[in-house]
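Let the sequences and hints guide you as you build the complete structure.
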Amino acid sequence: MTTGMDFFDAVTLPAPRVDEAWARRVAQESFGMDAVAHPLGSNQDANFLMRTSSGQPVAVLKVSNPAFSAAEVSVQDAAADRIAAACPELRVAQVLRADDGTVRRATVATPDGPAVARLIRFLDGGTLFDKGYLDPRSVARLGEVAGKVDLALADLTGDGLDRVLQWDLRYADRTVAALGSSLPAARRARIESAAARAWDLVAPLVPYLPVQVVHLDVTDDNTVLGADGLVDGVIDFSDLTRTWTVSELAIAISSILHHPGAEPADVLPAVRAYHSLRPLSDAEIEAIWPLVVLRAAVLVVSGCYQVALDGDNSYAETRLVREWRIANQALSVPPEVMTALIRDALGLGTSGVSLADGVLLTLPDAVVLDLSPQSSLMDDGAWQDSKIAETLATHRLAAGHRAVVTKFGEARLAGSPALDQESPASVATGIDLWTAGAEELRAPWDCEVSSTGPGIVLRAGDVELAVHVVDARAAGAVVAGTVVATTVPRGRTRITAGYRAERVPEGVAPKYAPGWLATLADPAPLLGLPATSSVADSVLEQRERALAEVQEHYYREPPRIERGWRHFLVTEEGRPLLDMINNVAVAGHSHPRIARTAERQLRLLNTNSRFHYEAIAAFGARLADLAPDPLDTVFLVNSGSEAADLAIRLALVATGRSDVVAMSEAYHGWTYASDAVSTSVADNPNALHSRPSWVHTVPAPNPYRGRHRGADAVRYGPEAAAIIDELAASGRPPAGFIGESYYGNAGGMPLPEGYLAAVYSAVRRHGGLAIADEIQVGYGRLGHWFWGFEQQDVVPDIIAVAKAVGNGVPVAAVITSRAVAGKYREAGYFFSSTGGSPLSSRIGLCVLDIIRDEDLQGNARDVGGHLKARLEELGQRHDIIGAVHGSGLYLGVELVRDRTTLEPAATETAAICDRMLDLGVVIQPTSDRMNVLKVKPPLCLDESAADFFVDTLDRVLSEGW
Numbered sequence: 001m002t003t004g005m006d007f008f009d010a011v012t013l014p015a016p017r018v019d020e021a022w023a024r025r026v027a028q029e030s031f032g033m034d035a036v037a038h039p040l041g042s043n044q045d046a047n048f049l050m051r052t053s054s055g056q057p058v059a060v061l062k063v064s065n066p067a068f069s070a071a072e073v074s075v076q077d078a079a080a081d082r083i084a085a086a087c088p089e090l091r092v093a094q095v096l097r098a099d100d101g102t103v104r105r106a107t108v109a110t111p112d113g114p115a116v117a118r119l120i121r122f123l124d125g126g127t128l129f130d131k132g133y134l135d136p137r138s139v140a141r142l143g144e145v146a147g148k149v150d151l152a153l154a155d156l157t158g159d160g161l162d163r164v165l166q167w168d169l170r171y172a173d174r175t176v177a178a179l180g181s182s183l184p185a186a187r188r189a190r191i192e193s194a195a196a197r198a199w200d201l202v203a204p205l206v207p208y209l210p211v212q213v214v215h216l217d218v219t220d221d222n223t224v225l226g227a228d229g230l231v232d233g234v235i236d237f238s239d240l241t242r243t244w245t246v247s248e249l250a251i252a253i254s255s256i257l258h259h260p261g262a263e264p265a266d267v268l269p270a271v272r273a274y275h276s277l278r279p280l281s282d283a284e285i286e287a288i289w290p291l292v293v294l295r296a297a298v299l300v301v302s303g304c305y306q307v308a309l310d311g312d313n314s315y316a317e318t319r320l321v322r323e324w325r326i327a328n329q330a331l332s333v334p335p336e337v338m339t340a341l342i343r344d345a346l347g348l349g350t351s352g353v354s355l356a357d358g359v360l361l362t363l364p365d366a367v368v369l370d371l372s373p374q375s376s377l378m379d380d381g382a383w384q385d386s387k388i389a390e391t392l393a394t395h396r397l398a399a400g401h402r403a404v405v406t407k408f409g410e411a412r413l414a415g416s417p418a419l420d421q422e423s424p425a426s427v428a429t430g431i432d433l434w435t436a437g438a439e440e441l442r443a444p445w446d447c448e449v450s451s452t453g454p455g456i457v458l459r460a461g462d463v464e465l466a467v468h469v470v471d472a473r474a475a476g477a478v479v480a481g482t483v484v485a486t487t488v489p490r491g492r493t494r495i496t497a498g499y500r501a502e503r504v505p506e507g508v509a510p511k512y513a514p515g516w517l518a519t520l521a522d523p524a525p526l527l528g529l530p531a532t533s534s535v536a537d538s539v540l541e542q543r544e545r546a547l548a549e550v551q552e553h554y555y556r557e558p559p560r561i562e563r564g565w566r567h568f569l570v571t572e573e574g575r576p577l578l579d580m581i582n583n584v585a586v587a588g589h590s591h592p593r594i595a596r597t598a599e600r601q602l603r604l605l606n607t608n609s610r611f612h613y614e615a616i617a618a619f620g621a622r623l624a625d626l627a628p629d630p631l632d633t634v635f636l637v638n639s640g641s642e643a644a645d646l647a648i649r650l651a652l653v654a655t656g657r658s659d660v661v662a663m664s665e666a667y668h669g670w671t672y673a674s675d676a677v678s679t680s681v682a683d684n685p686n687a688l689h690s691r692p693s694w695v696h697t698v699p700a701p702n703p704y705r706g707r708h709r710g711a712d713a714v715r716y717g718p719e720a721a722a723i724i725d726e727l728a729a730s731g732r733p734p735a736g737f738i739g740e741s742y743y744g745n746a747g748g749m750p751l752p753e754g755y756l757a758a759v760y761s762a763v764r765r766h767g768g769l770a771i772a773d774e775i776q777v778g779y780g781r782l783g784h785w786f787w788g789f790e791q792q793d794v795v796p797d798i799i800a801v802a803k804a805v806g807n808g809v810p811v812a813a814v815i816t817s818r819a820v821a822g823k824y825r826e827a828g829y830f831f832s833s834t835g836g837s838p839l840s841s842r843i844g845l846c847v848l849d850i851i852r853d854e855d856l857q858g859n860a861r862d863v864g865g866h867l868k869a870r871l872e873e874l875g876q877r878h879d880i881i882g883a884v885h886g887s888g889l890y891l892g893v894e895l896v897r898d899r900t901t902l903e904p905a906a907t908e909t910a911a912i913c914d915r916m917l918d919l920g921v922v923i924q925p926t927s928d929r930m931n932v933l934k935v936k937p938p939l940c941l942d943e944s945a946a947d948f949f950v951d952t953l954d955r956v957l958s959e960g961w
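Quick note: the sequence shown uses my numbering, first residue 1, plus one each step.
Check before you lean on any hint, since a few could be wrong.
What the hints assert, rightly or not - Pairs of lysine to any residue, SDA-like flavour, derived with a Cα cap of 20 Å: (1) LYS131 / LYS387; (2) LYS823 / ASP632; (3) LYS511 / ASP420; (4) LYS131 / GLY226; (5) LYS511 / GLY415; (6) LYS511 / PRO260; (7) LYS131 / LEU230; (8) LYS131 / ILE880; (9) LYS511 / ALA345; (10) LYS511 / LEU230; (11) LYS387 / GLN374; (12) LYS823 / SER658; (13) LYS387 / VAL488.
What the hints contain is simulated information worked out from the structure, not anything from laboratory work.
See below:
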């Protein structure tokens, strides 16, 4: 077997010094190709994209480093062919062949000596490196491709495979030692120390790590994107060698870490995907993250060395910036933590550290603070106080309690920052202790005691017990029961137990909690308290088992929301999310006045609306007062669907007719009548085909992408009126016209000027009624108008309103004239058990009081105006923003692939919503094309939250999704 190159025999490997003219000449003379050469980056080889005179790519001319033998190059080409045959779904950069089947490969002269040149298949689509942010699907696909490549190469043999490469992690310790002097002095110690520790973790595993031929560089650099934006191609086999198989995975996932927003936990989809194809052994799982650390160290020492050696290699200089980011991320989490996190992600289970029985301090009657999202202690926004835990503890000590403690492993809401793109470090890694007086802490076991800052660390075997902010009373070896410290009265003492407990952060982000907690133990039993239970059933699985599949939820992997406050939704992991879509909670989530109103009324009475009580009369009168004349009569129901249904029934009964006109691309509800007039294919893909014969539609009056645009949009109104006239002329005059008075379902855009005046006039001309669907836009959301129809300067015959009416409590209303309402008696009676119940009515009144007292309509006008201006400015910098529609806090950001063709960016919109969620913003798509970000937050949204939303969207549009 021929041995390939040995990096340590020739540490200096600058790329061949050849240029475009040289490459064009070689292509012509060696391969008969007349093409223009364009240089591509490489650390050690020379690569050129060969294009025709018209600019069409035809091949890549690859000139291997003169240090690489012909045998090494030949087996690389064989490996590419092997993968292409085994994985036909992958595109592979194979060496091109002449018509007679011979490879297009030749030895050519370079200024640095003879080198092998060959023509390689060009794969279009760009590399994963250029994609920016990588979503979980992209990450998973990289791991899947690495697994497929390893499986395809498992039994490859041949000359030129036994090489000693600087990139081979079997030699990582030697590479760091050889090139470490090139590191900046300020960073050298950290890199060398981390590499040494990682090597110590790998060394015992070496006998158990499988070895085979691997590509060794299935990274974002060397994987190409397909039409779907996911990896489907592999290039550059120049690092092919025989080494530890798991190196392929470690190298692949390390390349993820330099991408915008990427951090260690984000590589887990790749590990899962790889493992599903080629199961990892226990030894390989233990080795993965130490190898990632070693790869990071090799990258930065090699990058620094290459820049120093080859000063005009701009490719190497640019790469070095990203390689330092890889290193910083790889070193940001201890290898033991990442290993446990990987095991958890693979479903292999983790278990925390077991503590021997012992007593540090006996506090069986200590008050245990619940700082979780569902704790009543966090009510009314108390969680926003960063000192809330200390305040609560102080109050309880003042009330006479001896001690107060918190829970280990609890996802805490207390102190979690709002408006933060990073997930808070909410999971507690230890417990906090406050004592009224100085309490003696005793060694729970025979141990070594050392002082560390204002605290002590007890070590027994490989377990540490760190106790911070105490007065030390002992040092050195002590026996169990020895007093080792005393607490500071009313001060906070932090206790952590486990491996390396001294250096554990106080809290960790939930995504890292399984890894960190596997290296820790609950200290509570050392205080005579029960350990915190960590067993939890999947609420999502329970939901999907119990509920109908059609009752959907937002997001493929939805966060579990257990609390709301103003314009925030809070996950069970203690992360506040900015809520930009919840038009139901018009006054904000968990408004204290609404909560008090509900509690008081439930203590008094809640029954069906046939009973006589004051609340229903007061609420009905209040709604009637808010409607323009002659609308003075109210029906109370439970939902928008019911309100729209009842409005349609009123029109049918009042006119004695059976036909209704509706706008295209609209949604009104899910009951029989409201669904019948709902024409949005986003909500019902069969809406246009399943619509009953009594429903007639007019074209969507979309001034942005409809048939009439801009100033021409005024033509929609007369054309719709003409359709109504034609319907009446055919002998089917409509009972009514129903439409959103502000075109919400299409993306929050105003109707063209004069549209409703023309349509209302037409339907009334033939004896029909005009129904305004105010379910989404009513109640001041538009800022300048309380009702949406006011923007059109019209008055409908019937108003249907819901969502905002109860701030999340099921209550809705239909408002009409006494004359129209009276006609319903002819069709029978009306009764809604809980529509207008005492509870619903009181809350309805309270919501109206809050809108008035807190001037939420004015806030919608002012903050909405600021938000829209900022979004429009964002559109000047990001071409994907085609338009910003809407008014007040009812906006739509329409995303397009081309501002001329207006091709909807639906796939991009969905991905952007997912990325926004990762960064702390809840936003969803709307419209029949699902390419509009619907912006309809609680009306209490403030300017700082509006700015956070725009800044976050700007980041996503800049970094990728």
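These are the hints, each one checked on the structure:
Simply put, LYS131 and LYS387 have alpha-carbon atoms about 41 Å apart, too far for the 20 Å limit, and the pair is violated. Note on LYS823 and ASP632: the hinted pairing holds, with a Cα-Cα distance of about 15 Å set against a maximum of 20 Å. Restraint check for LYS511 and ASP420: the C-alpha separation of about 16 Å stays at or below 20 Å, so the hint holds. Taking the CA atoms of LYS131 and GLY226, the gap is near 12 Å; set against the 20 Å cutoff, the hint holds.
Restraint check for LYS511 and GLY415: the C-alpha separation of about 18 Å stays at or below 20 Å, so the hint holds. Note on LYS511 and PRO260: the hinted pairing holds, with a Cα-Cα distance of about 18 Å set against a maximum of 20 Å. Between LYS131 and LEU230 the alpha-carbon distance is near 10 Å, which keeps this suggested pair within the 20 Å criterion. Between LYS131 and ILE880 the alpha-carbon distance is near 16 Å, which keeps this suggested pair within the 20 Å criterion.
Restraint check for LYS511 and ALA345: the C-alpha separation of about 10 Å stays at or below 20 Å, so the hint holds. For the proposed pair LYS511 and LEU230, the alpha carbon gap of about 24 Å is over 20 Å, so the pair is violated. Among the hinted pairs, LYS387 with GLN374 is consistent with the structure: their alpha-carbon atoms are about 18 Å apart, no more than 20 Å. Simply put, LYS823 and SER658 have alpha-carbon atoms about 15 Å apart, close enough for the 20 Å limit, and the pair holds.
Between LYS387 and VAL488, the direct Cα distance comes to roughly 18 Å. Compliance with the 20 Å bound is thereby established for this hinted pair.
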